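Student: Going by the working numbering, the sequence shown runs without a break in its numbering and finishes at 257.
Among the hints, erroneous ones may be present.
[Claimed, not checked] Within a straight-line C-alpha distance of at most 20 Å, the following computed EDC-like cross-link-like pairs (lysine to aspartate or glutamate) qualify:
hint: 1; residue 1: Lys190; residue 2: Asp97
hint: 2; residue 1: Lys174; residue 2: Glu138
hint: 3; residue 1: Lys238; residue 2: Glu222
In short, the hints are calculated from the structure, not lab data. A quick note: this is a predicted structure, and the numbers were derived from the prediction, not measured.
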Amino acid sequence: MLPSSTTPFILEAGCDEAGRGCLAGPVFAAAVILPDGYTNDLLNDSKKLTARQREILRPIIERDAVAWAVAWCDHEEIDSINILNASILAMHRALDQLDVVPGAIAVDGNRFKPYKDIPHVTVVKGDSKLGNIAAASILAKTYRDAFMENAAKEYPGYNWEINKGYPTRDHRAAIAKLGPSPLHRMTFRLLPDSEI
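Kindly generate the complete structure, drawing on both the sequences and the hints.
Tutor: Structure representation (structure tokens):
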């Protein structure tokens, strides 16, 4: 069972992103403040859960959290400022939307830019170590998956309803056949050893 945060008695927001390695679509981020000492046996890194488990957990997290928010940076922003900066900006946007100002921030990974004057800590593999980051990873992933499933209806042929924009073989085959869509990240290597 994951501890809810790095420090007890402080409202700590966990932050994580989803879609960083994708070839198309936005990068989503979430910020979640869990009640002190909160536990849930299912709560884990979103990548270690099935899609069904994530969908079950999403409304539970939204109900139980002290505060939560989801935000994103679109493909044009990613191309403009790069994926690392866009991921951090999306986290800052999620933090901006919280109803409660956190006393601390815990971020998955090893890179972050200070947010206001709130102390932060980066935690490598934090989504499998801390409940608040795990919860953020689940919200970011489920909201992004829903976005890509809707985008698949607007831009059929890329199999986004299945691959969610990640660089799978079928996604790259579709890019080779159809060319890039308006949602593809043009600064990413869409096809191996070629330029579009």
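Student: Confirm or reject each hint.
Tutor: To see whether the hints hold, each was checked on the structure:
no.: 1; hint: Lys190 <-> Asp97; verdict: holds (16 Å)
no.: 2; hint: Lys174 <-> Glu138; verdict: holds (17 Å)
no.: 3; hint: Lys238 <-> Glu222; verdict: holds (18 Å)
The structure is consistent with each of the numbered hints, conforming to all of them.
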